[in-house]
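Engineer: All chains, please: the whole structure from these sequences, using the hints.
Taken in order, these protein sequences are the chains called A and B. For the first sequence, this note's numbering assigns the number 176 to the initial residue and increments by one for each residue that follows. For the second sequence, this note's numbering assigns the number 2 to the initial residue and increments by one for each residue that follows.
Since the hints were made in silico from the structure, they are not lab data. Among these hints, one or two may not hold up.
[Said to hold, decoys possible] Below, a list of computed lysine-lysine pairs in the BS3-like style, where the Cα atoms sit at most 25 angstroms apart:
id : chain 1 : residue 1 : chain 2 : residue 2
1  : B       : Lys59     : B       : Lys100
2  : B       : Lys100    : A       : Lys232
3  : B       : Lys50     : A       : Lys232
[What the hints assert, rightly or not] Chain A residues, not near chain B, derived (Cβ > 10 angstroms throughout):
id : residue
4  : Gln192
5  : Arg242
6  : Ser254
7  : Gln276
8  : Thr285
Cβ atoms here follow ideal geometry from the backbone N, Cα and C, with glycine treated the same way.
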Amino acid sequence: KAGVTQTPRYLIKTRGQQVTLSCSPISGHRSVSWYQQTPGQGLQFLFEYFSETQRNKGNFPGRFSGRQFSNSRSEMNVSTLELGDSALYLCASSFDGNYEQYFGPGTRLTVT
Amino acid sequence: AQSVSQHNHHVILSEAASLELGCNYSYGGTVNLFWYVQYPGQHLQLLLKYFSGDPLVKGIKGFEAEFIKSKFSFNLRKPSVQWSDTAEYFCAAYNQGGKLIFGQGTELSVKP
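Structural biologist: Shown next, in the form of structure tokens:
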């Protein structure tokens, strides 16, 4: 079974720009969650999508948004990038939200 | 706020030493608990999980964890560590809102 894939793996953007990250879950998994990982804040939950609906949301500003498609693939978007958005963005999929989550390799976003 | 806390930020051990990493969560009720590991340059992998039943759970690579409800703890143990166990370890729990909350992580360095 293929694992969770994320594209792109690395991204460099300038302040004020926007970015879209993509995540393809494990086949059959309907829940996709996104996390931000930074050295200072650790792993922080961004949001979870299940059957194309946002089911849970973390404490991030509205600049962070996401969506899920009918094939369970998910995208997250960050608008008006700030330097502090530089982080590793992780996607995880699970059969349902409360089951174990399987993580992708992440997208390393650098904002300059 | 519901939280997960890990007692040690950085642990240094020699090979063959025993390991115990502490984890406490802040809320009662039904709780699903996990330990994840992140080896250098690799993505997060599930080590073990606890949903219900036997409070002593065994995971991959010789790791085990004990759920102690009265202490709100889920400590990770391994009788004899190897150099290849050098990694960052994360404890996580689903909170009552259905979000997966991570501890700050413990960096384990094993000296050969």
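Engineer: Each hint: holds or not?
Structural biologist: Okay, the hints, checked on the actual structure:
For the hint linking lysine 59 of chain B to lysine 100 of chain B, the alpha-carbon distance of about 24 angstroms falls within 25 angstroms, and the restraint holds. Of the pairs offered as hints, the one joining lysine 100 of chain B and lysine 232 of chain A holds, with about 8 angstroms between alpha carbons and a cut-off of 25 angstroms not exceeded. This hinted pair checks out: lysine 50 of chain B and lysine 232 of chain A have alpha carbons roughly 23 angstroms apart, not beyond 25 angstroms. At roughly 26 angstroms, the least C-beta separation between glutamine 192 of chain A and chain B is larger than 10 angstroms, which holds for a residue marked as non-interface.
Non-interface status of arginine 242 of chain A relative to chain B is upheld: no Cβ of that chain comes within 10 angstroms, the nearest being about 19 angstroms off. The Cβ of serine 254 of chain A sits about 23 angstroms from the closest Cβ of chain B, beyond the 10 angstroms cut-off, so the non-interface label holds. Separation of glutamine 276 of chain A from chain B is inadequate, the least Cβ-Cβ distance of about 6 angstroms not exceeding the 10 angstroms criterion. Remark: the non-interface label on threonine 285 of chain A is consistent with the geometry, its nearest Cβ contact in chain B lying 17 angstroms away (cut-off 10 angstroms).
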